[in-house]
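Undergrad: Here are the chains, one letter per residue:
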Amino acid sequence: MAVLELERDVATEAPVRRPRRVGMLFIGSVAWIVLIGLSAIFADWLPIQSPTDMDLLAKRAPLFSPGHILGTDHLGRDELSRLIYGGRVSLLVGLLAPVIGVIIGGCLGMVAGYFRGRLETFAVGGVDVLLAFPPLVFVLAVTAFMGQSVANITIVIGVLGIPAFTRVARAVTLTLSEREFVTAARALGATHSRILMRELLPNVALPLLAFFLLAVAVTIVVEGALSFLGLGVPPPTASWGSMIGEGRENLDIAPWLAFLPAGFMFLTVLAFNVIGDTLRALTDPRPGAL
Amino acid sequence: MSAPLLSVEGITVDLPTPRGPLRAVDGVDLTLAPGSTLGIVGESGCGKTMLSRAILQLLPKRAKLGGRIMFAGRDLVTLQPEELRRLRGPELAVVFQDPMTSLNPVLTIGTQIVETLQAHLGMDTVTAMRRGVELLAAVGIPAPEQRLRQYPHQLSGGMRQRVAIAIALSCEPKLLIADEPTTALDVTVQAQILDLLAREQQRRHMAMILITHDLGVVAGRTDEVAVMYAGRVVERAPTPKLFTRMRMPYTEALLAAIPKLDSPPHTPLPAIAGRPPDQTRPLKGCSFEPRCRYADDHCRSAKPPLADPERAGGLFACWHPL
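Note that the protein sequences, when read in sequence, are chains A and B. One point on numbering: in full-length UniProt numbering, the residue at position 102 of the first sequence is 102, and numbering is uninterrupted. One point on numbering: in full-length UniProt numbering, the residue at position 199 of the second sequence is 199, and numbering is uninterrupted.
It should be emphasised that the hints constitute simulated quantities derived from the structure, not laboratory data. Every residue, glycine too, gets a C-beta built ideally from N, C-alpha and C. Mixed in with the good hints there might be a few duds.
[To be verified] Covered by chain A, according to a simulated footprint, are these stretches of chain B (three or more residues, beta-carbon under 8 Å):
(1) 77 to 89
(2) 109 to 122
(3) 271 to 285
[Unchecked claim] Label-pair distances were calculated between CB atoms; the ranges are:
(4) B:Glu82 <-> A:Thr121: 52 to 62 Å
(5) B:Glu82 <-> A:Ala141: 37 to 47 Å
(6) B:Leu322 <-> A:Thr191: 42 to 52 Å
(7) A:Asp128 <-> B:Thr188: 46 to 56 Å
(8) A:Phe138 <-> B:Gly122: 45 to 55 Å
(9) A:Leu174 <-> B:Gln80: 26 to 36 Å
(10) A:Asp53 <-> B:Thr125: 55 to 65 Å
(11) A:Asp128 <-> B:Pro238: 55 to 65 Å
The following block holds chain B by itself, in its conformation from the complex (with noise of 0.2 Å):
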């Protein structure tokens, strides 16, 4: 395996709220190689996209970051804003959830592509609209030249979110990190972005984190996932293996909730009884305790380490793996 392009180790965010500082991101450890893809899933609040911001260094300004993010050799918690800046775009890009309000509205697709291109390439604006043009063709939007002259509210959503892929994907990221793309389109757009990524993503061997509360996103489009439940990684394994052999109850919830096409009518659907818990009250065992039908004394003294004690490939967080 050649040397990993992201690494993080140890993360931590702490938001302050009122009831005390709140642990979104809990001490979580992921390496990315050069071209390969991580989908990282969980249920809302999960910490997912706090850990996507705590990587892009976007976090708010209250959050209390720990931990190191090595980027190609650097350390992102530690480098200047402006070397930070210089990082973003040509380096580091990003798709967010909302293709709504991700893009200005009331600047042109044209102009919001352009200057991209002018800040970070120098290019001048004839070669850059040429560009622009041509990063429209190639997410799959037709009459490029037309689009450019609309405004973000002419476009449908699916429209709008391939133009921001085409954005960030306008400086060739080396990273590129998709923090729930398709949560906000229709059901029938959803596989047509995924499958986008996808093709652009290996096409210009550009490494991409999926992130998504879906598990049926990431399956056959990462090359390894992460499960994260209230702020960790609680199973992290090669996609195929997951999928064939999941070890955290929490996955397996995750799944049996994915509601099946050929399960006979009116067929229940089973889900995850039970909150998330309330992260500024960490208990003191593991915390996917109280809502685990498999849970006893022992899971809840005791916080069960992400690890992978059969040497089978795949890392866990459980004292009672399936």
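Okay, chain A solo, but in the shape it has when bound (with noise of 0.2 Å):
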């Protein structure tokens, strides 16, 4: 064989990883979806009364009264309990909805992208008449005909997240279609499946990633939005819009009641907004050129 012009026995230095800082921002993000999912988890191992038993001696209990750090609410009920547990709701639609989402769209949006034609027509098409459904009149058929509970609602706001995640998903893969490396896949010899979970997937997962925690949020909210209505899960059990909603009638007299739901809800989405741009910029491969 012929002598090559570069030797080959040269130790070049193992590469070295970039300094990946992150922020107390995204420390203190962490910290906060990890203490409430331990706490939504481990509810029923936790000290603390339960969240539907009722003390009607000691109505509206303000902050840090004797047995109720947080007090409690317009019927007695411990209001940290129901945070808590009230928690295990707004994660479980908030985390298992954009999963659906993600899952069904995301498929749809790169077989769109990918194979184009008449398939792609039926996908974007499909994803329209979805988008065009009024939601609240989705949910209201829903819940009338199925009934109210913690599954029917997360099947259909998952249902109503597949056409964004359809969009992202066909975005993208649209775009990297064209890029040469398809092309040179396909020149291997690359079947389309290969080509889809092997070429495309990987690219399009990160944005998909990102788009998930920002749905997560946005799901957050509209299971409380929903609760707030009284289409959500159905009383007594809680969830952080209900108790939103249960809470307003007492704004005047007991606005905590109100206000630390809200607040529970308005950190955990904030937190999972910063996770999820983090865990973007640190994960992505591709240095900010392409």
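Assemble the dimeric complex from its two separately framed chains, guided by the hints.
TA: This is how it looks when you write it as structure tokens:
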């Protein structure tokens, strides 16, 4: 074999990892999510009162009352306990609904963007129909016929999220499919499924993940809004949205009943957004210019 | 001469445009023997890339293809997609112009090589990794073990093109199409990449089509050269013959447009005046006629065929050969 002009055994240094700095905001956000998440998971074992036990003698107890650190609501139920159990519902719906959207919408969008043609027309048309359908009417119809439950709410919000994920996935796939590495993969005899799974998916996954975390934040708010309207989980199950709704009637005498769950929701949504932004910036192997 | 590995017969490619169909490739015939190299030269937009995409059957979906492409006894135009897919990689491979975009930005070099080997040759991960290291070493990449773990953006342009070549070579193809493999690279790296391609081509006894706009690139590195203009081959001859006696005025103009080191300072570079013809409105006569200094009425009224009227061993399409 011919001698190369480059020396073979020059030891190049191992690739140096870019210093990855994360701010206090990110650490705080992770801490908050971990705290909320763990307390939601282990709520049954925590030394807190039942979220549905009423103590009518201690209605609307103020903050830091003995036995009720965060007070009680208008039926004398422990506010801290309701916040933790309410977080359970909010997080469950907030995480699972976007999963439905990202899986169905992501597949639909990638297939539409890659194969184009009639498939794309159908996918985009279907998504447009879903977008044009008034979401509140859809929620009302589902809850009226199938009943109000956490599962139904999750499915409804998840389905409503499909169009957005489809559009993101399709837009990203469209531009990527034109790129030469896809042609190169085809020139190497890659099958369509291989190109979709190995060439396109890793590229589409990053923007989808960022969008997913955004969707989690939005879903928590939407679930809150639905519960506030009385379309969410049925009482007496607590959720942050329904707590804000109930607290609204006592804003003049016990404003914390509305502001506490609102604050929890605000912090959680903010934390998810911060984490989403930071993760995207950290995991993107492509440096700015592409 | 042995039976040709590739023979292209009367290939036409039509691209739909808002102003009507554009004939990007207009009746091209080529043959390529196993282990030999063919250079395709022409300026931007002359159809050389479309011709290579036609051979690979990787044309844009809306493009219309006509003619026959016989590769190792099979007609690629009528081949089933699944059979065609199986040919790509182990038989046909390609190196693209821009190594910045021909590698997947979010997968490591190793993943991209190893998966190709696994998919085509059914190797297990360990064997494929070892083979990947060998391949990277063969294309002149220092410290290949470490490079395998890196992403494309961590490599220089020349390195990336070496990786792209390594991937193309990984399944020992019988025909490699190099589509302007050095256009996006520094001049200092160009010669290295071309030498690498020539060396691997000889070592593997692989046929190669080298597409370029630079006559200097094909000189000395190819057995035969085809010069393309406006979708047609206008001159085709064995490389030494072409450079000692070129017959087509366009080839002469192309060669004259290469800057020369020994010309005195401030010598004007003889550019070819005018622009290539609008291929949605084909000319009746020779397509180079509007820019040709030898053109006369005969050139305007009749298209010269690609022929060898003097039996000199080289084909050209011109009424007034040099």
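Undergrad: Each hint should be assessed against the structure and marked as holding or not.
TA: Here's how the hints hold up against the structure:
Here's how the stretch 77 to 89 of chain B fares: 5 of its residues keep a CB closer than 8 Å to some CB of chain A, so the rule of at least three is met and the hint holds. Only when three residues or more bring their CB closer than 8 Å to a CB of chain A does the claim for the stretch 109 to 122 of chain B stand; here the count is 4, and the claim holds. Beta-carbon proximity to chain A at under 8 Å applies to 0 residues in the stretch 271 to 285 of chain B; the threshold of 3 is not reached and the given coverage is violated. At roughly 26 Å, the beta-carbon separation of glutamate 82 of chain B and threonine 121 of chain A lies outside the given 52 to 62 Å, and the hint is violated.
At roughly 46 Å, the beta carbons of glutamate 82 of chain B and alanine 141 of chain A sit within the given window of 37 to 47 Å. Checked against the hint of 42 to 52 Å, the C-beta distance between leucine 322 of chain B and threonine 191 of chain A comes to roughly 50 Å, which is consistent with it. Between aspartate 128 of chain A and threonine 188 of chain B the beta carbons are some 53 Å apart, a value that agrees with the proposed interval 46 to 56 Å. In this structure, phenylalanine 138 of chain A and glycine 122 of chain B meet the distance hint of 45 to 55 Å, their C-beta atoms being roughly 50 Å apart.
At about 27 Å, the CB distance of leucine 174 of chain A to glutamine 80 of chain B agrees with the hint of 26 to 36 Å. In this structure the supplied range 55 to 65 Å holds for aspartate 53 of chain A paired with threonine 125 of chain B, their Cβ-Cβ distance being about 58 Å. Against the hinted window of 55 to 65 Å, the Cβ-Cβ separation of aspartate 128 of chain A and proline 238 of chain B comes to about 60 Å, which satisfies the hint.
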